[in-house]
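> Residue-level listing of the chains:
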Amino acid sequence: MNTRDLVLIALFAAIVVVLGLIPPITLGFIPVPITAQSMGVMLAGCIIGAKRGALAFLLFVLLVAIGLPVLSGGRGGLAVLAGPSGGFILGWAVAAYITGIIAERFIHEGQSESRQFGGFFLASVVGGIVVLYGIGVPWLSAVTGTPLLAAATGSLAFIPGDFLKAAIATLAARAVYAGYPLLPVRA
Amino acid sequence: MLTSLYVEGRSWFHRLPVRAKLIALVLLSLSLFATQSLYLLAPAFLLCGWLYFSLGLTIRQALARIGFVFFTILVLAAVNLFLLPFPEVAALVLRLMALVFFAAAVTATTTISAFMDEITILLKPIERMGLLNAADVSLALGLVLRFVPDIFARYEAIREAHRARGLPIRPLTIIGPLIILTLKDADTIAAAIDARGFRRQ
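Protein chains in written order, with my numbering: chain B, 626 to 812; chain F, 2 to 202.
Since the hints were made in silico from the structure, they are not lab data.
Possibly wrong hints are sitting among the right ones.
[Stated by the list, open to error] Residues from chain B shown here face chain F by an in silico Cβ test under 8 Å; the list is partial:
hint, residue
1, LEU631
2, VAL632
3, LEU633
4, ALA638
5, ALA639
6, LEU687
7, LEU703
8, GLY708
9, PRO709
10, VAL768
11, ALA777
12, TYR805
[What the hints assert, rightly or not] Examples of chain F residues lying across from chain B (beta carbon under 10 Å, computed):
hint, residue
13, SER32
14, PHE69
15, THR108
16, ILE120
17, ALA141
18, LEU168
19, ARG171
C-beta: ideal position from N, C-alpha, C; glycine also.
Bound conformation, chain F alone:
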């Protein structure tokens, strides 16, 4: 149900360490926002687009992932055309699209576990301050992935119950029972986690 957006591949971008890709993303966004020049933004756009489309996704898959964001960008650009001079609008569109291409490329070439390792390292300073336990973040993430199918099955059961009684399926009558039934499991799950000593407390 929750398949990651990672794409198998052996491109040079796949082999780059996550940290390098994330730092590159930050630097790219900072530098793209620092310039207004179309002579810099247009090549950046082409380069990022080329990078994204060279990762091994089919054109259709590649467009499906970023289509929605591009649609929003273009709608806003259409509005901008009435309010701003054309070169400025072009700069804004190229900049955002370049950034979205690059961000999508990072997502497509990085596995969940690579991201998690990096996040655990990034959380270390916060952990040292005693604000949070990095292992808890991984545990919580694992719990979400574990329980989404269960909660979805529960949603379907509630929907079937509506059908069986001839009731219309309304979010209101579904959300309440769904949340109560799900959150009532919290005590049992917490007890199971503590019984296994996962959090070493």
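Next up, chain B with everything else stripped away, as it sits in the complex:
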């Protein structure tokens, strides 16, 4: 890993910290407020790619674990990891990795704009929603004893907001890709 990669990883982790400081947006038609930080997984994979995105989130989780209040709302520490949603936090790195893999495979320079939008959206949905819930929901079910089906049904309330996040992440990732492309190309 060269120094530039190291710096990109650290800067992205810092961006995710700052996204947690931005006040969450509440929308009338979605029950849960949207925190900008939860878009970080999708953005990391789509913008700096699989490996660096995953490492940025490992670094971020390390910040949480050593007791810095970097999660949105000023939360942090080992208590959050020990709680019911610890699986989602630990799943971020994997989710960012899968998002990155898909983005690297589908996005190339010289494609039409709409294909790039499609690629980023697919990557965000699969990595940031399917993979993340695939880790977080069974974890929550195992830790709290809530039956898996009930836990999965309950998390459906978050899905509309997540699709909106995927859409915002897609637009932002494509804007960054047009302005300052960093995504590695995968054959």
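Use these hints to put chain F onto chain B, whose structure you have.
What follows is chain F alone, placed relative to chain B:
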């Protein structure tokens, strides 16, 4: 801006080495998940709660740190009441809360530098395999702490720019410029790090 969750204090738990606390946390979680008995879980809950509240945090501070996690636990417990027998739900709640108390106690009594020293030791085997450089992890961590205030200032500048133009403040129009402006600094920062020979390559 980023003040650690560590609390100054001289309790016996503060003086315990980090490694002992982390090993205790792992052992505690393994043993709590191995039992269903309320006769074991209830004392564990009381003991961990007593430990956490005896660290010198005011009640309000102490609750603010774990309130959110407890809220999630209680919401899930309320759901569980419809699906599982009561003693089982009680066991689940006591177990998780005991664990959260203990984890919060470890966080409140351990400084960032103590954690970092321990992490450097834990990373040694991975370093020997040649997968990663432990010094890089500390460097990356330092970079994050160094740049968060800068990036936040940049976020505020972009927000002010929106205001000045009478534009609504939307995450979409903020995130793009924020990320581009921040990541464009990467080359300069990397060059500065290499020029100082921090990574000895």
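> Hint compliance check: list the failing hint numbers for this structure, sorted ascending.
11, 13, 18
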